[in-house]
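Protein chains: 2
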Amino acid sequence: MARYADMTVEELENELKALDKEYRRFQKLDLTLDMSRGKPCTEQLDISMGMMDVLNSQVDLTCEDGTDCRNYGVLSGIAEVKELLGDMMENHPDNIIIYGNSSLNVMYDTVSRAMLRGVMGSTPWSKLESVKFLCPVPGYDRHFSMTEYFGIEMIPVPMNDEGPDMDMVEDLVANDELIKGIWCVPKYSNPSGTTYSERTVRRFARLKPAAKDFRIFWDNAYGVHHLYDEQQDYIPEILAECKRAGNPDMVYKFASTSKITFPGSGIAALATSQNNLVDIKKQLTHQTIGHDKVNQLRHVRFFGNIHGLMQHMSRHAQILRPKFEAVEDALEKNLAGLDIGTWTKPNGGYFITFYALDGCAKKIISKAKKAGVTMTEAGATWPYHKDPHDSDIRIAPSYPPLEDLKMAAELFSLCVRIVSAEKILSEKKAQGAPKEAAQE
Amino acid sequence: MARYADMTVEELENELKALDKEYRRFQKLDLTLDMSRGKPCTEQLDISMGMMDVLNSQVDLTCEDGTDCRNYGVLSGIAEVKELLGDMMENHPDNIIIYGNSSLNVMYDTVSRAMLRGVMGSTPWSKLESVKFLCPVPGYDRHFSMTEYFGIEMIPVPMNDEGPDMDMVEDLVANDELIKGIWCVPKYSNPSGTTYSERTVRRFARLKPAAKDFRIFWDNAYGVHHLYDEQQDYIPEILAECKRAGNPDMVYKFASTSKITFPGSGIAALATSQNNLVDIKKQLTHQTIGHDKVNQLRHVRFFGNIHGLMQHMSRHAQILRPKFEAVEDALEKNLAGLDIGTWTKPNGGYFITFYALDGCAKKIISKAKKAGVTMTEAGATWPYHKDPHDSDIRIAPSYPPLEDLKMAAELFSLCVRIVSAEKILSEKKAQGAPKEAAQE
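One line per chain: the protein sequences are A and B, in this order. Residues in the first sequence are numbered from 569 upward in steps of one, following the numbering used here. Residues in the second sequence are numbered from 569 upward in steps of one, following the numbering used here.
Keep in mind the hints are simulated off the structure, nothing from the lab. Take these hints with a grain of salt, some might be off.
Intra- or inter-copy, both count: the list cannot distinguish identical chains.
Calculated pairs, DSSO-like style, for lysine-lysine (alpha carbon to alpha carbon, straight line, at most 30 Å) [as the list claims (entries may be wrong)]:
1) Lys-849 / Lys-937
2) Lys-931 / Lys-850
3) Lys-938 / Lys-850
4) Lys-695 / Lys-849
5) Lys-811 / Lys-937
6) Lys-901 / Lys-996
7) Lys-695 / Lys-850
8) Lys-780 / Lys-695
9) Lys-585 / Lys-695
10) Lys-930 / Lys-849
11) Lys-937 / Lys-850
12) Lys-901 / Lys-596
13) Lys-954 / Lys-991
14) Lys-850 / Lys-776
15) Lys-849 / Lys-780
16) Lys-954 / Lys-850
17) Lys-930 / Lys-850
18) Lys-974 / Lys-913
19) Lys-849 / Lys-954
20) Lys-997 / Lys-930
21) Lys-997 / Lys-938
22) Lys-596 / Lys-850
23) Lys-589 / Lys-935
24) Lys-849 / Lys-776
25) Lys-585 / Lys-901
As the structure is a prediction and not an experimental result, all values here were calculated from the model.
So that you can see chain A by itself, here it is in the shape it has in the complex:
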């Protein structure tokens, strides 16, 4: 197909007429499809139903060290679940605390504790004139809204193919003591699907922050969420890297089973250095007597071990892979060569990011909405919902059934074409010249 920018006004007007007709056809279908959130679909939830059978009234709910999981206690989680999640996170069980149902909760607690009590004896962040976090963009909307809730100033850092712009990160953290954290989704990043390069991870471990209480918030949400068996992204383990680089306490690493078993009914974990763990447990002991050990046991008995968990992840991949490919196919088929957007092709995770022409994201999302397809709100992947280019669109292919998704991807591509054509057309008209030129 021809680049839209190369088309004449007339050609664009004709294109738009055809596209509008197509759009009206979609509107008549009364679609209600949702590509807005990274929610597992029903088939994905079904593959974890066996977990509902591993515990019953005839089963002993005692864990390996003899603890009755039905009663109070065990602040940091039962040993066997620490081993399982340790294997998943590539961390030693001794470096792990097991929490309740979501890593979001753990991240919230981590920031909240730093605000009220500081980090390993530092001044509580709430007592400082201001606190700043670096926010690689596009990023995870819930990281940003939480950070905003705590009154922390967010500084966007652009992402590239290797992760965040590390020149900028290194420079900023080295020169501003009020920068206390950075949000990272290092593997199959939300929303771009980018995996940090080895070089990026090593540069993270070697940061020289001005603030001693600066921490990397390493949200490895998609650590084992590959789409392909053969084509799996890899990153160096960050705790080990930080230790080697002489920064053993610089990172908090988060993970959960939300997109492995049942979101909200799973378990979460934090891995960090012993010094940080001691600091955290001082607080945790006032907050809870212990998290849900019965659910910890249920997870361990269901998976058996890390091999069982990885086999389970392959089943997720079998369901998700065709969905990602369906979106990519639709984008490729409908948009290739038009030069009106680019998109990512991740090997895992839950998202594809579409980068629209500047100033088009809101209109595209609004247009899709009017035809029954809900996308993540424009700007959501930027701090304060301010995408300066109004360009980034997060596509979440996981939830809709495959046939619906194909339809939604078609409609989305159509909306991209319409909004882009309108933009280019109006630019051409404003310039005036190209129309004349074409008529010659």
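Let chain A serve as the given structure and place chain B on it in line with the hints.
This is chain B only, laid out in the frame that chain A set:
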């Protein structure tokens, strides 16, 4: 038996010889019994094992409004569990948020939020020169340690048979704007077992606090935890009372299923006014996408409704009642008439409080420990672990098997007698006179 205070030095010395002999006999038994924590015993946990059967892979995990409980969402809890816990708490489901595994966690969040963000728009407590909480004593050690963690100053308020000294509470909150809260366990209080009188509850609802962001932290942990079917304590519902008194927003009410099903693997709830709920949800939405709905469903399907839950509580009572009575019998048999201590006889809850002679609590607990019986640490029921009279001892009869408990109660009584006799003897010797008088 004669009052120890009426005995002569010689009589006391003989008594102590006999008691020491008895104590050595206990020491030889190599006991390891624990009366320190309000933990349900194994038999109590067993009566909830049916809950492990209500959900399995063949069961539909959809709740009444069609929500798939296995997926993300439903911030404030599923409707049917709000109804169940609403019936339990005597609150409208619309006034309830369902949380994860423990009310301690919810209380922590509540204080933490007020510290960082204030209450319904007030100045964040962390920004004030100081914050104070009233702490009825003896009280729940975890309330106090949490409050201390947050750097909140604790002011002890004595408990009497009707609850906290309300003259003092009214006076303090009316005149000090820095007093922002009071911890209450209004029914079968931890640790005295006291239930607030109707008059006390109504006086609470009619408080005129100087601080607009003053809140009553109403931890109704034992609301349905009766020991007897016929003899159940009653308190007016505090939200309704506050509303009637023109203070609709003055109370946060907490409850959980920790001592109903499995501690740590249950559900918790907060009930409060709509204004407070709006304020709380502004925060909650940044902290979680939703708590464990599968576990909510499991609880609802197990109990069916509030009647099922109350029948379940009767089964707990059948197990707990003989234990409370065994302790009371031992105290009565061994200590009545000696005038060396008093104790409470609650109709529910998890604790009996023993008030020893001044200066004796630490020694009694230490002496029991040396013979293998662990009690709650002396002073734990007071802010900063400072019991000014060194008198209050919390007895937790729930956990040990009945026969062990009888033994522990015997030993405890013996330790009370020894330490009290020693105290009285040394006082008599110090005075000198009584010995001479007795010899005449």
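These are the hints, each one checked on the structure:
no.: 1; hint: Lys-849 / Lys-937; result: between (46 Å within a copy, 27 Å between copies)
no.: 2; hint: Lys-931 / Lys-850; result: between (49 Å within a copy, 29 Å between copies)
no.: 3; hint: Lys-938 / Lys-850; result: between (51 Å within a copy, 29 Å between copies)
no.: 4; hint: Lys-695 / Lys-849; result: both (22 Å within a copy, 25 Å between copies)
no.: 5; hint: Lys-811 / Lys-937; result: neither (48 Å within a copy, 43 Å between copies)
no.: 6; hint: Lys-901 / Lys-996; result: within (26 Å within a copy, 100 Å between copies)
no.: 7; hint: Lys-695 / Lys-850; result: both (20 Å within a copy, 22 Å between copies)
no.: 8; hint: Lys-780 / Lys-695; result: both (16 Å within a copy, 24 Å between copies)
no.: 9; hint: Lys-585 / Lys-695; result: neither (59 Å within a copy, 60 Å between copies)
no.: 10; hint: Lys-930 / Lys-849; result: between (44 Å within a copy, 28 Å between copies)
no.: 11; hint: Lys-937 / Lys-850; result: between (48 Å within a copy, 26 Å between copies)
no.: 12; hint: Lys-901 / Lys-596; result: within (23 Å within a copy, 85 Å between copies)
no.: 13; hint: Lys-954 / Lys-991; result: within (20 Å within a copy, 73 Å between copies)
no.: 14; hint: Lys-850 / Lys-776; result: within (27 Å within a copy, 36 Å between copies)
no.: 15; hint: Lys-849 / Lys-780; result: within (20 Å within a copy, 33 Å between copies)
no.: 16; hint: Lys-954 / Lys-850; result: between (37 Å within a copy, 21 Å between copies)
no.: 17; hint: Lys-930 / Lys-850; result: between (45 Å within a copy, 26 Å between copies)
no.: 18; hint: Lys-974 / Lys-913; result: within (16 Å within a copy, 69 Å between copies)
no.: 19; hint: Lys-849 / Lys-954; result: between (37 Å within a copy, 24 Å between copies)
no.: 20; hint: Lys-997 / Lys-930; result: within (22 Å within a copy, 89 Å between copies)
no.: 21; hint: Lys-997 / Lys-938; result: within (27 Å within a copy, 93 Å between copies)
no.: 22; hint: Lys-596 / Lys-850; result: neither (59 Å within a copy, 38 Å between copies)
no.: 23; hint: Lys-589 / Lys-935; result: within (14 Å within a copy, 89 Å between copies)
no.: 24; hint: Lys-849 / Lys-776; result: within (26 Å within a copy, 38 Å between copies)
no.: 25; hint: Lys-585 / Lys-901; result: within (20 Å within a copy, 97 Å between copies)
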